[in-house]
Amino acid sequence: MSERGHHPAPLSPVERRVAALEALLTERGLVPEGFIEEITRRYESEIGPLNGAKVVARAWVDPGYKGRLLTDGTAAIAELGFGGPEGDHMVVVENTPDVHNVIVCTLCSCYPWPVLGLPPSWYKDPPYRARMVREPRTLLAEMGCPLPGDVEIRVWDSSAEVRYLVLPQRPAGTAGMTEAELAGLVTRDSMIGVARL
Amino acid sequence: MPVDGIHDLGGMQGFGAVAHSPAESAFPDRWQATARALMEVVAGAVEASGGEFRHSIERMDPGHYLTSSYYEHWLTGAATLAVEHGLVTHAELEARAGGRFPLSGPALAPPVADTGPDVGEPRFGVGDRVRVRDWHPPGHTRCPRYVRGKAGTVVRVDGTHSVPDVEAHGPARRYEPTYSVRFDAAGLWHDGQRGVTVHVDLWDSYLEPA
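Going down the list, the sequences are from chains A and B. So the first sequence is numbered by the numbering used here: it starts at 1 and just counts up by one. So the second sequence is numbered by the numbering used here: it starts at 1001 and just counts up by one.
Next comes chain A alone, as it looks inside the complex (with noise of 0.2 Å):
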């Protein structure tokens, strides 16, 4: 009994299975060493909003650099350093008094890693999904994001090989700010368009 307390839990069914195949991947030779570490490090430390904030905040203040990530995203993220899987066809779009704009995929959930990091839960669950495309003006309204109805809704359904980035507008009262000020306003929601600043 002495030991009672330091067993591990059970694994649970899902986690079984994943042990089963990383078992018999490994045994094959095929899961090279610290695979697994790395990758967890890799997205969990590497990539993430605060890259995209920084293009955000880069386009408020140098009109020059946001007039090259409306012409060409991939290139103009680049100058800032980010870049890689699914960031290879950027294409930023821009909210504007009258417009705003929303990400979306529909069919599984294309994301644009290098600047957003990995996709939260939600963006990958079927409500989100099936619910964008059709019924955007209601679904924005309750995540916390409600439009005058004289505001445009541009979805963006992320079908091919381009992943998409909101340009999110300046909040007012932010004049003296610095850049790196200003990327700490940057949220990941609004980058994605389920909200404004």
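Calculated from the model, a selection of chain B residues having no Cβ within reach of chain A, i.e. all distances over 12 Å:
no., residue
1, P1117
2, R1123
3, G1125
4, R1131
Some but not every residue of chain A turned toward chain B, in silico, with C-beta under 8 Å:
no., residue
5, Y43
6, P127
7, A130
Covered, in the sense of this in silico footprint (three residues per stretch, anywhere, with C-beta under 8 Å from a C-beta of chain B), are these stretches of chain A:
no., stretch
8, 25-32
9, 106-116
10, 137-146
11, 157-165
12, 186-193
These are computed hints drawn from the structure, not numbers from a lab. Just so you know, these numbers come straight off a predicted model, no measurement behind them. Note that CB positions come from ideal geometry on N, CA and C, so glycine has one too.
Knowing the structure of chain A, use the given hints to seat chain B on it.
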């Protein structure tokens, strides 16, 4: 096994609220990171294209797809590809897991023997009216069901890319331009909301002149 897969969710009704969270870690549980890594291992070992990877998930049993999380999809797809390419057997997986190990259903489309010619020059330009072919291919496609048969306007011409419908089913490839096509919500849905446009990125062969 439905031809129009359960993954094609755009416009489906009855799902309820989005479980929105402002922030979350990339992998709340370690098995999710492992599942992601194992898909990368398998896809690399069998040289799976993006289309073959996606289709391995789309072929999941619809009930399983809707009731399992994103990384369980990846696990199921990875295991399916591993079995189909002979890396492991289904019996080995179930023996090791000590229970059922559901895999995706079989691909219904055969490998494409004759891909037809690549399309180098875009057939359409910005402002052109196009209509999406109304068809239901038995295999993988990136043409969402909710735009089939619908007319829209080209707003952007993108580069030339491998057609998913071809690459998902074998080593053959065909390259075509893709376009961003704008649809008015009122033309997509009987209850389409005012002031809404939906943009879908579509390969050349999905479209015809409107």
